[in-house]
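Student: Take a look at the letters that make up each chain.
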Amino acid sequence: MSLWTSRDFVGGGALIGLGLFVSAYSYQTMPLGTISRMGPGLMPFSLGWLLTGFGAIIAAGSIANRVQIEKFEWRNFLCVVGAIIVFSLVARPLGMAPAVACVLVLASLAELKMTKVQFLALLVALPTLCYLAFSVGLGVPLPLFKWPF
Amino acid sequence: MSFADNIALGLSVAFSGTNLLYCFIGVFLGTLFGVIPGIGALSAMSLLFPLTFYLEPTTALIMLAGIWYGTAYGGSTAAILLNLPGSASSAATTFDGYPMSRQGRGGIALMMVTIGSFVGGSVGIILMTVFSPAIAKFALSFQSPEYFAIIVLGLIACSAITEGSATKSFSMIILGLLIGTVGLDMYTAVPRFTFGIVHLDDGFALTALAMGLFGVSEILYSIGRVDIKAVDKSAAKWSAMRPTREDWRRSWGPMFRGSWIGSFFGAMPGTGPSIAAFVSYAVEKRISRHPEQFGKGAIEGVVAPETANNAADQTSFIPTMALGVPGSASMALMLGVLMMHGIMPGPQLITEQPGMFWGLVMSFWIGNVLLVILNLPMIGLWVRMLLVPYHILYPIVLIFICIGMFTVNNNVFDLWIVAGFGILGYVMKLTDFPAPPLLVGFVLGPLLEEHFRRSMLLARGNPEIFINRPISATIMVCSLLLFVWSVYASVRHSRKSRMSQQEAALEQG
Numbered sequence: 001m002s003l004w005t006s007r008d009f010v011g012g013g014a015l016i017g018l019g020l021f022v023s024a025y026s027y028q029t030m031p032l033g034t035i036s037r038m039g040p041g042l043m044p045f046s047l048g049w050l051l052t053g054f055g056a057i058i059a060a061g062s063i064a065n066r067v068q069i070e071k072f073e074w075r076n077f078l079c080v081v082g083a084i085i086v087f088s089l090v091a092r093p094l095g096m097a098p099a100v101a102c103v104l105v106l107a108s109l110a111e112l113k114m115t116k117v118q119f120l121a122l123l124v125a126l127p128t129l130c131y132l133a134f135s136v137g138l139g140v141p142l143p144l145f146k147w148p149f
Numbered sequence: 001m002s003f004a005d006n007i008a009l010g011l012s013v014a015f016s017g018t019n020l021l022y023c024f025i026g027v028f029l030g031t032l033f034g035v036i037p038g039i040g041a042l043s044a045m046s047l048l049f050p051l052t053f054y055l056e057p058t059t060a061l062i063m064l065a066g067i068w069y070g071t072a073y074g075g076s077t078a079a080i081l082l083n084l085p086g087s088a089s090s091a092a093t094t095f096d097g098y099p100m101s102r103q104g105r106g107g108i109a110l111m112m113v114t115i116g117s118f119v120g121g122s123v124g125i126i127l128m129t130v131f132s133p134a135i136a137k138f139a140l141s142f143q144s145p146e147y148f149a150i151i152v153l154g155l156i157a158c159s160a161i162t163e164g165s166a167t168k169s170f171s172m173i174i175l176g177l178l179i180g181t182v183g184l185d186m187y188t189a190v191p192r193f194t195f196g197i198v199h200l201d202d203g204f205a206l207t208a209l210a211m212g213l214f215g216v217s218e219i220l221y222s223i224g225r226v227d228i229k230a231v232d233k234s235a236a237k238w239s240a241m242r243p244t245r246e247d248w249r250r251s252w253g254p255m256f257r258g259s260w261i262g263s264f265f266g267a268m269p270g271t272g273p274s275i276a277a278f279v280s281y282a283v284e285k286r287i288s289r290h291p292e293q294f295g296k297g298a299i300e301g302v303v304a305p306e307t308a309n310n311a312a313d314q315t316s317f318i319p320t321m322a323l324g325v326p327g328s329a330s331m332a333l334m335l336g337v338l339m340m341h342g343i344m345p346g347p348q349l350i351t352e353q354p355g356m357f358w359g360l361v362m363s364f365w366i367g368n369v370l371l372v373i374l375n376l377p378m379i380g381l382w383v384r385m386l387l388v389p390y391h392i393l394y395p396i397v398l399i400f401i402c403i404g405m406f407t408v409n410n411n412v413f414d415l416w417i418v419a420g421f422g423i424l425g426y427v428m429k430l431t432d433f434p435a436p437p438l439l440v441g442f443v444l445g446p447l448l449e450e451h452f453r454r455s456m457l458l459a460r461g462n463p464e465i466f467i468n469r470p471i472s473a474t475i476m477v478c479s480l481l482l483f484v485w486s487v488y489a490s491v492r493h494s495r496k497s498r499m500s501q502q503e504a505a506l507e508q509g
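Respectively, the protein sequence lines represent chains G and Z.
Throughout the first sequence, residue numbering follows full-length UniProt numbering, covering 1 to 149 in sequence.
Throughout the second sequence, residue numbering follows full-length UniProt numbering, covering 1 to 509 in sequence.
If we strip away everything but chain G, and leave its shape as in the complex, we get (with noise of 0.2 Å):
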């Protein structure tokens, strides 16, 4: 097996870069100060080292001991982290149902399971239940529906 498809490399060698790039931009926009009168950087500075080798031992780890790392699902990635986003840009303008419509209709599409009649009637269901739980109930600041122009 390839050391570029094995868990632990991925993994460490994301932490290694993560923490290099830590600790250099610390270093380089916060004041690191001294021990006795430690600055907002030094913490964040060290901490970064201390990842980096930790990344390292993990990447290391992985050379004698190769385990094949999980596939990435696009897929499931696309619809729910899109419904999150839709939510977030449709919820204000337009109000609380069809955010709610968009979401369940995006994340319904990551695994195509539900017949019409569960899809219809969640469709339904939801924005009501959502309204009365948050709008009516907790008083959020959010209509049912809102026409922008």
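Incorrect hints may appear among the rest.
Claimed, not checked - Calculated cross-link-like contacts (lysine-lysine; reagent style BS3-like; alpha-carbon spacing at most 25 Å): (1) G:K71 with G:K113; (2) G:K113 with Z:K233; (3) Z:K296 with Z:K233; (4) G:K71 with Z:K429; (5) Z:K296 with Z:K237; (6) Z:K296 with Z:K285.
Treat the hints as calculated values from the structure; they're not laboratory data.
Please read all numbers here as calculations on a predicted model, not as lab measurements.
With chain G fixed as given, assemble chain Z onto it according to the hints.
Tutor: Showing chain Z alone in chain G's frame:
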């Protein structure tokens, strides 16, 4: 005030109408979210956190606490009937709980687990009642070096006592500490890792982090993987729940030991119910006269972890309330409620807010009794919840995450953070990095830095301050021993696993 006065005060607070109602709501929702796989205590508490803006602080604490220990009761139901841990702390219960239900003994498992949970919870509450005030009194003399030492011990304990690789847990603690530094520096107001984004000046919201790391990433990982299998509905009938005399005889020991193991790990910052459950499972397996039955439906393996995680749920309030040091992310949410209402957590809390502290403790009794009622006569309701297929469940959960997060600060930026941490959590799952240590690091990081910087100011940069003071020195030595032990254990473990791999290769070759 005498001990009896405190108890009386607590009872009067806990039995007030509003508090009773919210205690019930808390344990009800806790059981519900505990039953549903994919939403643990933390996501449930983060989801309902916005609700607490509208409540009295005591009521808010009682409700959130109810969710916290309620999920442990609910989590075992899914673990036993479905082989899916409803919450992380029930993962150890699946080992023997599911085999038991395959053998038609699921009802008995549910019964014994509920009894064990109640026993564990009770021991935890009694310990909390006795020890919290004493510890708080003792801690009044603590200064920054002592607090720093306690936090270090918590961080090391969190990563040393883990099921997976200790190196990976340590690295996630450090990542958590780093994520905790994001925002304006508390002394100099220099921005750290904000990249010019004003929303990040106050750092990441704990709720956003928790919902992303645990809620969203769990959904990303579970879609297409979780298939609801057939559930043995007859397990929920009264007649199927009667344990035999043999079951009782074998359960007393695990309940007794589980209570103490759970109480210990609950009270130690950084460790909590999940670790308590795994440790007590391992202990039972080791001391059992028939270890070969474990994993095949041994009742000890079901009772021990569930007793332990409930005991730990209760005692985790000890460092939180008595010291103001949250041992886990859920406890940090509790302290968040206090701070939102302008109450400073710390050792003075119990004497300054006796009504709140004792009311909370007494509400635990009410909550645990309610949970026994919810989980035995009403078990059928939760079994029906288990039958809802995942492809219907996850869009609903996602919608609640979106709206819940939106309502915390009424801004959309938090949602992007949720999405971001969801991706991070997903990648961490794929590369087998544990998420709980990251969250513990995030929670304790700012406290750690504050107390370290203050100690260094106090000692003019001389690190000997941590070993010159007896209390902090003792705690530091404990941390060091724990660290050395965990390095030794992980080296031995990896050598053992490599040897067994080679043996397997030899046999095949």
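Student: If a hint holds in the structure, say so; if it does not, say that too.
Tutor: To see whether the hints hold, each was checked on the structure:
As the CA atoms of G:K71 and G:K113 are separated by approximately 21 Å, the hinted pair is consistent with the 25 Å bound. Pair hint G:K113 plus Z:K233 holds up; C-alpha atoms about 24 Å apart against a cutoff of 25 Å. For the hint linking Z:K296 to Z:K233, the alpha-carbon distance of about 21 Å falls within 25 Å, and the restraint holds. Under the criterion of a C-alpha separation no larger than 25 Å, the hint pairing G:K71 with Z:K429 is consistent with the structure, at around 11 Å.
This hinted pair checks out: Z:K296 and Z:K237 have alpha carbons roughly 23 Å apart, not beyond 25 Å. Our distance criterion of 25 Å between C-alpha atoms is met by Z:K296 and Z:K285, whose separation comes to about 12 Å.
In terms of the numbered hints stated before, the structure departs from none.
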